[in-house]
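4 protein chains.
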Amino acid sequence: MKAMVYHGPGEKSWQDVPDAKVQDPTDVVVRVDTTTLCGTDLHILHGDVAAVTDGRILGHEAVGTVVEVGSAVTGFAVGDRVLVPAITKCGRCTFCQRGMPSHCQTVGGIGWILGHLIDGTQAELVRVPYADTSLYTVPAHVTNEQAIFLADSLPTGYEVGVLAGQVRPGNTVAVVGAGAVGLSAVLTTGLWGASKVIAIDTNKFRLEKSIEFGATDSVEAGPDARADVLALTDGLGVDVAIEAVGYPETLLLAASLVRPGGTIANVGVHGVPVELPMHEMWIQNVTLTMGLVDTVSIPTLLTMVASGKIPAEKMGTHTFTYDQMDQAYDVFANAASNLALKMVINQG
Amino acid sequence: MKAMVYHGPGEKSWQDVPDAKVQDPTDVVVRVDTTTLCGTDLHILHGDVAAVTDGRILGHEAVGTVVEVGSAVTGFAVGDRVLVPAITKCGRCTFCQRGMPSHCQTVGGIGWILGHLIDGTQAELVRVPYADTSLYTVPAHVTNEQAIFLADSLPTGYEVGVLAGQVRPGNTVAVVGAGAVGLSAVLTTGLWGASKVIAIDTNKFRLEKSIEFGATDSVEAGPDARADVLALTDGLGVDVAIEAVGYPETLLLAASLVRPGGTIANVGVHGVPVELPMHEMWIQNVTLTMGLVDTVSIPTLLTMVASGKIPAEKMGTHTFTYDQMDQAYDVFANAASNLALKMVINQG
Amino acid sequence: MKAMVYHGPGEKSWQDVPDAKVQDPTDVVVRVDTTTLCGTDLHILHGDVAAVTDGRILGHEAVGTVVEVGSAVTGFAVGDRVLVPAITKCGRCTFCQRGMPSHCQTVGGIGWILGHLIDGTQAELVRVPYADTSLYTVPAHVTNEQAIFLADSLPTGYEVGVLAGQVRPGNTVAVVGAGAVGLSAVLTTGLWGASKVIAIDTNKFRLEKSIEFGATDSVEAGPDARADVLALTDGLGVDVAIEAVGYPETLLLAASLVRPGGTIANVGVHGVPVELPMHEMWIQNVTLTMGLVDTVSIPTLLTMVASGKIPAEKMGTHTFTYDQMDQAYDVFANAASNLALKMVINQG
Amino acid sequence: MKAMVYHGPGEKSWQDVPDAKVQDPTDVVVRVDTTTLCGTDLHILHGDVAAVTDGRILGHEAVGTVVEVGSAVTGFAVGDRVLVPAITKCGRCTFCQRGMPSHCQTVGGIGWILGHLIDGTQAELVRVPYADTSLYTVPAHVTNEQAIFLADSLPTGYEVGVLAGQVRPGNTVAVVGAGAVGLSAVLTTGLWGASKVIAIDTNKFRLEKSIEFGATDSVEAGPDARADVLALTDGLGVDVAIEAVGYPETLLLAASLVRPGGTIANVGVHGVPVELPMHEMWIQNVTLTMGLVDTVSIPTLLTMVASGKIPAEKMGTHTFTYDQMDQAYDVFANAASNLALKMVINQG
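Protein chains in written order, with our numbering: chain L, 1 to 348; chain Y, 1 to 348; chain S, 1 to 348; chain G, 1 to 348.
No wet-lab data here; the hints were simulated from the structure.
We treat Cβ as the ideally placed atom computed from N, Cα and C, and that holds for glycine.
Take the hints with a grain of salt, since some may be wrong.
What the hints assert, rightly or not - Covered by chain Y, according to a simulated footprint, are these stretches of chain L (three or more residues, beta-carbon under 8 Å):
#1 207-219
#2 276-288
Claimed, not checked - Lysine-lysine pairs mimicking BS3-like chemistry, simulated, CA-CA at most 25 Å apart:
#3 G:Lys-12 to Y:Lys-314
#4 L:Lys-196 to S:Lys-2
#5 G:Lys-2 to G:Lys-21
#6 G:Lys-204 to Y:Lys-314
#7 S:Lys-21 to L:Lys-196
#8 L:Lys-314 to S:Lys-12
#9 Y:Lys-2 to Y:Lys-12
#10 Y:Lys-21 to Y:Lys-2
#11 L:Lys-309 to S:Lys-309
#12 S:Lys-2 to S:Lys-12
#13 S:Lys-204 to L:Lys-196
#14 L:Lys-2 to L:Lys-21
#15 G:Lys-21 to Y:Lys-196
#16 G:Lys-204 to G:Lys-314
#17 G:Lys-309 to Y:Lys-196
#18 L:Lys-12 to L:Lys-2
#19 L:Lys-204 to L:Lys-314
#20 S:Lys-314 to L:Lys-309
#21 S:Lys-314 to S:Lys-196
#22 L:Lys-196 to L:Lys-309
#23 G:Lys-196 to G:Lys-2
#24 Y:Lys-196 to G:Lys-2
#25 Y:Lys-309 to G:Lys-196
#26 S:Lys-309 to L:Lys-314
#27 Y:Lys-314 to Y:Lys-204
#28 Y:Lys-309 to G:Lys-21
#29 L:Lys-309 to S:Lys-2
#30 S:Lys-2 to S:Lys-21
#31 L:Lys-196 to L:Lys-314
#32 G:Lys-314 to Y:Lys-309
#33 G:Lys-12 to G:Lys-2
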């Protein structure tokens, strides 16, 4: 089969590899009908993720069709259309039992193994371990384009941003960074009744998108951003500030926007330490949350997508076929300048 | 009346001042029967709290007797025995309504005003604004020695440590720093069913006290502390780490002790920024909380003290009379070496 | 002043009475600009509410202007435009402190005293006790017609229906009874991300209104109602069933619609006992909630009305002036046949 | 192997049957080292549980040793000492994912299948389906006598009583019925910091046991019970009333004990409808919960038993060997008069 294989920092190739097949009785193999690219794939290519080694097939997001089923799998059959989420989970370890499979102890201490510790979804076929507890059936009237972003970016913005941030009816919310994940937070704040959603970014296209996705206000990032946000509240700041970039300055900006008693939900992936002004913050009764997505909100999000209440497909700005995989990477690598959010890549 | 008056950094005097009296219809005046000293009083004396100015009467903790009542006060009468908590609250601003009077907008944007923005409790009499919503009646069979620490240190350890940390039945908890506030957390983790409570300190006396107060294990602070704590868990760390010191190194220690999905509850008052290893922490699904006490848990704590389930009086290691106020400060300023936790100071 | 006075079962009169005035330092007097009628007023007229005695001024909902302020009131001034909610609260008793002023021990063991235990709002002036903790400022750009239903019916549907029912994102919700309170629940389920909202009533006008107010489906009450609702779910029933009528058969219908693990939120006022099939229900892991409104959600609802996310004014189907008070009662007494939901009655 | 087989109402026999063996790849077979009897077994014998048919092996509680493992089982191996809980769960259906396997759709729409829909634990061997998600490892230093009651009665009192009742620190709790399940609630209220626990029963032995198990007060059931309980509170009743009997009068007693805003947690198995005074209750802001145990609290309870904080073994008042199985049933059938709570039955 064809697959996108990592060959060390800066090196990847779309090449022939042996077909994926069932190895354990709890595996299934899925024919990937639609996949996409994630910012994490770019981090891997930059050599930032040491656990990914030469020869690994990339990708951790897919919608596809079950083509082979292990002997112990009872919940899925050949021909089922399924969502393959970024997180694989055993369903029975302490972490899975409490709804935190991001740290599933059985699959590797971390639930993100596809395209990381085992071969991933940017391929014609992908093997999914612990299929019964990891896969989700896609309802018949939900399209691949609607479902694909539920594999990772939408639940990331929702779980790590909106849920961890504890958005509640009537709340004001600021989202620092209006890329795919920040916009996923914007798109789902309405599920918890936010009254005001303020998107902050340097990029005009993204700010426009944020309004289209449900933000009530947009603010250009820069020295005045804090003052602009305070002016949009009662002067005390927002209830919840969601950080969706991953730099010290964006986290500090988010922290500076939140009112006493509020929550800073860090979604961004950080590469360096952050000097937090604890001498000012300790008295503010604020909460700082952070984490990897669990993807346990997928059933809720699928329901909302199916009922037409979340237009997830709007996240897909560009569509490619499998033989354009390299082009898809090129466009995505310069997402902002290409007016791109997420790629839809169909095997066809 | 006599009162302990602040006169700038390093200067205080136990001196005659005009009697406290009712100024607003919602005030009461309380004769202070018992007061105590707080670490914050020492910070003030060091000149660390700019809002406290020359001439301010110190103290924000008292048990006493109502001696004068404003015309609008309906919940208290002359002769009532009351607890004067560290936090004064209007009861009606947004923050009070959501149970966060630490940021009461009416009394000053911060609920801690006694001995800070207005005259405090280290005096024969103290004026308490918004008495109806701020004071608590002390049940007849609860002694002053049992009640006095509910004014600040016990609710601080409980609310900012145990409640913010979300201790739940079966949890393992580490408490970094076994001074009065850390021990207050130790004393109240049982209210939420902690299975293991590990106290960490450099001071032997405090570690012994921690076991007496309900810790299941004690660990000496130092280079091996983290390894010692991990060895007491399943190797992944504790569910909740409570920081009760206020230095970068103690907060970083607390952060290093917590398992994926756990909570770091910062109780310590910080004087400088803290460099947080966000590049390692972002993926850990941890939560960092911080804040000033609200004292809204006082009814619960009074109930537990009255029912004999929390031996709050054990926190009082030294007893003084009002004419020994300076000595009380001297002992408390060197608490660790004096084997001291909290001072009980009676007007007699 | 003019007021609507109760004179025993079946008897009321719009008559001259002495002007309301401040009695206690915590009172204010409000000039009623807009009031409305509540189903409870009809219950009183039927003689169903024993505590209401001859001579009592009816009404517990108003938007108006402060005209007199007690000496202890600090949060409101003459000229302020305020919402007078159905619940009066001291703000400091155990029940108020935990956000349940429906049982405020200070004002009478029950928070609903206006038009019940003291004179009410269907008058030119109304005295409001504990004004600082009971009244709410109406934002400048919120009209009287938008604010008036936040005094009782909207928070009742929201708090006793949606909040008590614990509606969560993705949930299916059935609302039994699409009168003013049931429709208030329909109008606010979106604050918690319901995916499907099914309104059930015998009245066609109300079912049409329910769709206009945000229901996704409407079902005619009758022998097939349960089957119709199950057909709209996965066959197991809804997550939350809200009862907004108050009869045994409607509560039993609601109970029959809920899936295992679901909640039945009773909002209706019941006049007789209800035989609950506990032999079938005990194993279903369902929860049955019930209660009087607390009106503590008013700040949230005002925010949502102000931001345009809840069109509360749509509840007002008929408008009257004060000299048409009797006509307003006549129309409201036959609300269903008059295609009426709520009356808006302006003093002018 | 030997097993206790049901042969229709009133008929059971301890007889030879074919050995249990693995049927599906997700099964294990456990050698039952210790089992016990449940009130439900008596209900079955009375013919009250229609789904149990002639030939069914009874029992749904066991501690034992794994002797055979299906090909898909990865979490357990031959020789492991395990707890077999009353609930079997697939771990992946909607109900299991939200922590409510009592209604696992995969194993039969109800999680209680052992000794009900499939053969049970009162046998030398038992087949356990979905072993990876259903079984729990027993820590080495926890004895069979400590672990056996965690299979059903302890989690039932805890989950359906204490957790559903939302007991919180400082709460007063009444437990109506001090049999094994009521006492399990008594034993676990401390995990949530109850300040006062009042046990109510007609049986003196059980009331004495309740004090031994942690109740602060005991009240004899009868016409004065309500007055006695109110006298032990502030006159308004308890925060949480747990019903652990299953008759209309005991549920109505529980409902009459609860203060406004409180919770009635029904644990009892009811055989007939209950006429609930909704005309009095609707205004009380109370919540009524009910349900079958999920056994998802077993990890927490095992931790608390292992740490010595819950003396679960005290529940076992009588010990038998497998050849005394009939005697065990005889003693248990007259538990109250035999001063019996739970039977410990060892295979030896």
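The hints, checked one at a time:
Evaluation of the coverage hint for the segment 207-219 of chain L: breached, as 0 residues show C-beta separations to chain Y shorter than 8 Å, against a requirement of three. Under a criterion of three residues with beta carbons nearer than 8 Å to beta carbons of chain Y, the stated coverage of the segment 276-288 of chain L is upheld, 12 such residues being counted. Note on Lys-12 of chain G and Lys-314 of chain Y: the hinted pairing is violated, with a Cα-Cα distance of about 59 Å set against a maximum of 25 Å. Distance restraint check for Lys-196 of chain L and Lys-2 of chain S: the Cα-Cα separation of roughly 42 Å exceeds the 25 Å cut-off, and the hinted pair is therefore not satisfied.
Annotation: proposed proximity of Lys-2 of chain G to Lys-21 of chain G holds, straight-line Cα distance about 14 Å (limit 25 Å). Of the supplied pair hints, the one linking Lys-204 of chain G and Lys-314 of chain Y is violated, its CA atoms being roughly 37 Å apart against a limit of 25 Å. Of the supplied pair hints, the one linking Lys-21 of chain S and Lys-196 of chain L is violated, its CA atoms being roughly 40 Å apart against a limit of 25 Å. Note on Lys-314 of chain L and Lys-12 of chain S: the hinted pairing is violated, with a Cα-Cα distance of about 59 Å set against a maximum of 25 Å.
Simply put, Lys-2 of chain Y and Lys-12 of chain Y have alpha-carbon atoms about 13 Å apart, close enough for the 25 Å limit, and the pair holds. The suggested pairing of Lys-21 of chain Y with Lys-2 of chain Y holds, with an alpha-carbon distance near 14 Å, which does not exceed 25 Å. At roughly 15 Å between alpha-carbon atoms, Lys-309 of chain L and Lys-309 of chain S fall within 25 Å of each other, so this suggested pair holds. In summary, the hint linking Lys-2 of chain S to Lys-12 of chain S is supported, as the alpha carbons are separated by about 13 Å, within the 25 Å threshold.
Among the hinted pairs, Lys-204 of chain S with Lys-196 of chain L is inconsistent with the structure: their alpha-carbon atoms are about 35 Å apart, more than 25 Å. With a CA separation close to 14 Å, the supplied pair Lys-2 of chain L and Lys-21 of chain L stays within the 25 Å bound. Restraint check for Lys-21 of chain G and Lys-196 of chain Y: not satisfied, since their Cα atoms lie roughly 40 Å apart, outside the 25 Å limit. The hinted pair formed by Lys-204 of chain G and Lys-314 of chain G meets the criterion: a straight-line CA distance of about 17 Å does not exceed 25 Å.
With a C-alpha separation of about 10 Å, the suggested pair Lys-309 of chain G and Lys-196 of chain Y falls inside the 25 Å cut-off, and the hint holds. At roughly 13 Å between alpha-carbon atoms, Lys-12 of chain L and Lys-2 of chain L fall within 25 Å of each other, so this suggested pair holds. A hinted pair counts as satisfied when its Cα atoms are at most 25 Å apart, and Lys-204 of chain L with Lys-314 of chain L qualifies at roughly 17 Å. Simply put, Lys-314 of chain S and Lys-309 of chain L have alpha-carbon atoms about 23 Å apart, close enough for the 25 Å limit, and the pair holds.
A threshold of 25 Å between alpha carbons decides the hint, and for Lys-314 of chain S with Lys-196 of chain S the separation of about 21 Å falls inside it, so the pair holds. Of the pairs offered as hints, the one joining Lys-196 of chain L and Lys-309 of chain L holds, with about 18 Å between alpha carbons and a cut-off of 25 Å not exceeded. Between Lys-196 of chain G and Lys-2 of chain G, the direct Cα distance comes to roughly 46 Å. Violation of the 25 Å bound is thereby established for this hinted pair. The hinted pair formed by Lys-196 of chain Y and Lys-2 of chain G fails the criterion: a straight-line CA distance of about 42 Å is larger than 25 Å.
Simply put, Lys-309 of chain Y and Lys-196 of chain G have alpha-carbon atoms about 10 Å apart, close enough for the 25 Å limit, and the pair holds. The hinted pair formed by Lys-309 of chain S and Lys-314 of chain L meets the criterion: a straight-line CA distance of about 23 Å does not exceed 25 Å. A distance of roughly 17 Å separates the Cα atoms of Lys-314 of chain Y and Lys-204 of chain Y; the hinted pair therefore holds under the 25 Å criterion. Between Lys-309 of chain Y and Lys-21 of chain G, the direct Cα distance comes to roughly 51 Å. Violation of the 25 Å bound is thereby established for this hinted pair.
Between Lys-309 of chain L and Lys-2 of chain S, the direct Cα distance comes to roughly 49 Å. Violation of the 25 Å bound is thereby established for this hinted pair. Of the supplied pair hints, the one linking Lys-2 of chain S and Lys-21 of chain S holds, its CA atoms being roughly 14 Å apart against a limit of 25 Å. Of the pairs offered as hints, the one joining Lys-196 of chain L and Lys-314 of chain L holds, with about 21 Å between alpha carbons and a cut-off of 25 Å not exceeded. For a cut-off of 25 Å, the pair hint linking Lys-314 of chain G to Lys-309 of chain Y stands: about 23 Å separates their Cα positions.
Annotation: proposed proximity of Lys-12 of chain G to Lys-2 of chain G holds, straight-line Cα distance about 13 Å (limit 25 Å).
Hints 1, 3, 4, 6, 7, 8, 13, 15, 23, 24, 28, 29 from the earlier list are contradicted by this structure; the remaining hints agree with it.
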